[in-house]
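Chemist: Build out the structure end to end from the sequences listed, making use of the hints.
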Amino acid sequence: MLNDISLGRYIDTGSVLHKMDPRVKFVIYLLYLVAIFTMKSKIGILVTAVVVVLQIILSKMSPKNIWSTVKPILPITIFIVLLNLFTIKTGKTLWQWKFLQITTGGIDSAVFMGVRLIFLVLITSTMLTLSTTPLKISDALEKLLSPLKVIKVPVHEMAMMMSIALRFIPTLLDETDKIMKAQQSRGADYDTGSIINRLKGYVTVLIPLFISSFKRAEELAVAMDARCYRGGDGRTKLNPLKITSFDITWGAILLVGAAVIVVVNIVFK
Amino acid sequence: MDYEVIAEDIHFSYTSYDESEATEKRKAVDGMSLSIKKGSYTAILGPNGSGKSTFAKLIDILEVPESGVMKVFGYNTSDEEHFWDIRENCSYVFQNPDNQIVGTLVEEDVAFGPENLGIPTEELRRRVDEALTYVGLQDFAKKEAANLSGGQKQKLAIAGSLAMKPQLLILDESTAMLDPRSRDEFLSIVEKMNKEKGITVITITHDMSEASRCDDVYVVKNGKVFMHGVPSEIFAQKEKIKEASLELPEDIELYTELLDIVDEPVITSTLDSQEAMINSVASILPYKDMEDVNPEAKHEKKKNPYSGVVLSVKDLSFKYEDKGKLILDNINLDVNRGEVLAIVGKSGCGKTTLISHFNGLFKPQEGDVVFNSSSGDSYSTKNKKELLRIRHGIGLVFQYPEYQLFEDTVEKDIAYGLRKLNLSPEEKHTRVLEAISLVGLDEELLSQSPFELSGGQKRRVALAGVLVMKPEVLVLDEPASGLDPKGRRDMFALIRKLSDIGTTIILVSHNMDEAFRYTDRICCIKEGKIAELRDATALFMDKERVNELNLSFPHLVEFSDKIKAAIKKQMPYVVFEETQKNAKDEASAIIRSIKANVEVEHAK
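Chains as they are written, first to last, in our numbering: chain A, 83 to 351; chain B, 2 to 605.
Because the hints were derived from the structure by calculation, they are not lab data. Each statement offered as a hint is correct.
So the derived list for chain B, only partly shown, Cβ under 10 Å to chain A, looks like this:
1. S92
2. I102
3. A112
Derived EDC-like pairs: lysine to aspartate or glutamate, alpha-carbon spacing no greater than 20 Å straight-line:
4. K263(A) <-> D478(B)
5. K297(A) <-> E64(B)
6. K320(B) <-> D256(A)
7. K320(B) <-> D259(A)
8. K364(B) <-> D271(A)
9. K297(A) <-> D409(B)
10. K282(A) <-> E408(B)
11. K324(A) <-> E124(B)
12. K263(A) <-> E408(B)
13. K385(B) <-> D273(A)
14. K282(A) <-> E412(B)
15. K383(B) <-> D271(A)
16. K101(A) <-> E145(B)
17. K421(B) <-> D271(A)
18. K319(A) <-> E123(B)
19. K386(B) <-> D271(A)
20. K142(A) <-> E145(B)
21. K143(B) <-> D94(A)
22. K282(A) <-> D409(B)
23. K413(B) <-> D271(A)
24. K260(A) <-> D478(B)
25. K146(A) <-> E322(B)
26. K263(A) <-> E479(B)
27. K297(A) <-> E453(B)
28. K144(B) <-> D94(A)
29. K260(A) <-> E408(B)
30. K364(B) <-> D273(A)
31. K260(A) <-> D99(B)
32. K324(A) <-> E123(B)
33. K144(B) <-> D256(A)
Residues from chain A that keep clear of chain B, each with C-beta distances beyond 10 Å, as calculated:
34. S97
35. L112
36. V132
37. Y272
Note that the structure is a prediction, hence the values are computed from the model and not measured. By construction, the Cβ of each residue, glycine as well, lies at the ideal position given by its N, Cα and C atoms.
Modeler: What follows is the structure, given as structure tokens:
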């Protein structure tokens, strides 16, 4: 059940996106985020959808992998859509019942928010999480943020912490699954009862999970010590980041996608 | 003689803190002195809490001794100037595979150590590829480390050490969490590194059979060296080994028992190899006058008064939605009330999926799983309303259950399973008391936090949390994994006790020694199907079948067969009894068979 969650999971399909330099990807990714927020018209949505779909195809991810990244955020998306639908009161009123009211403005804003969120997740997963190993993401961040070292920001340490956190997500998910099964065997029930009771049920899962995480952290620290880890100074890299003509070519192509989104949205307000 | 490590009268204590004040000191290493030769393969043996792991940490300067001198590669470990000279040339593989992997991809993880050493990229690439090929993981370089099996993860850890080109390799209970097959593969790699690359190896373990691969053995007890010698010298001192809470390997135990019965002395040098022991037996037993030899009489096997089927699996199939392959493929299994059944099979054969069906954690997709309670009612796991009743009747204990404790007192944790039953607080308390005494723990622990207990105690508390529901069937997944010999013995004594009071036991195990020794029937799963379901002794005496199933033999059966073959060469008329479940009984059975047959032969 928990294994369906793709959060932080890297899936190797050997696509162009996998081979690109993570720094280039990261910068382009940020541009895409901006581009998606410019989305204002129906044509804009359509064009953005086309670009997003092209990118999914480029990433060679199976529909199932894509679905599993969208699935966890669906509840939030639906919540936000409903919130917009009922609280935005601009334009014509289409329907009213007591204090509830649906307006054309509400529908517009609900659709845009929902679509925007889904697009954001799709872009994030295809460009970053699914196609880049945590270590590469943290490498890229370390490099991109390295100017901050001058003002004593511990960039290397932050990047290392992030990559370890991501590395342990699958391990902790497996563990959660085990703990839940063991407690279900002892009569725990997470699926029925009031929301309060269900939340209480999860507390009994979280406690052993936290405790074992502390233990893991302690052991990992000793293991890293034993493997001569001493911070970022003097460390070399097995796969040092290098920007090649390949990155420039594909970076440019992806940039065109972002540019098209922005232009279309500016032209067709 | 060149020494890699020299320790002189080392002392070390752990200090526990209570609200920032040092309150308690626990002596871990208490005057340890030893020396480890360059290029040797040395075992440091001892039960849990004997200080052996702490000592290993002192070698790699993960801790510094309170007093005494520790010299590694000739440098004193408290000399800060040489800190990196020691640490960079010393590699470590820890017990838990998951907690030492830093990289996401296999190759990233192997590179982590040498990256820290500042090795240039080209050289790094070469070292990583070489190390992965050496341990046989070259095809996994770009795979996610988290998806490897436990055995592969430990091989990854050793590749990570190898890539640092160490002079000294320390294995800190590295094989404790592995199944026997992975353990053998892992140790073969270590042996190869020791022989081919001349890397000095120190292995910290509580497994005696691992010690037989070493050149030099130290046994530690209470933070001190208790015994020292080559393996055969250690093995010859049966009583002292027992005193150190360790156990002889089963082949050596059988051999010494055999000689004990016929009152012959054990010659130390024969303990070096199985061949030497077999030759020794073959040169003694056939010539021995058996008249005054009195082996123990045969134990009459209790006829098991099975009364019907307690758990019935009918035409059960299961697959995960997306993958077309069946994980369970038409399983039919009747578990008798009161029996001890082992479920064995390779990792990934579907064992865990099967036992998760027993108490309805998985709902049958096809077929049915039915629990027949002693009160005469039957419950199907398909019926959601009956799940609670089923989960009280069929207790499931997963591997390492101690990681699942969560309440603030032991009593509350044990009582967790009772909260949906309508019991008064007094009744609950009585149940908890029964459960804790059943697992052999003191009542005083009830008010303590479960997290303050030792590893073995925690596991017992977790077990009590299942036993408190008074299950009729207890399913245990590798209940003894990670325990030291004494812990294992105690665990199986407890299981036997539960069986004696009528609990049906289902044991999932990789360990054929345990499956053979403690169970009545063996159910072998292969690719989601039941490949074999048979009496344990009968199965392991059917050599062809065992090979066909690709199971390993229990060490006792394997060695005993070799001895019997050697005796038969000289006394072809001897017909042996069936193999017994432990070394002592088996030794008696062999001697009994020889004696009886010799008498018949003489009478002719």
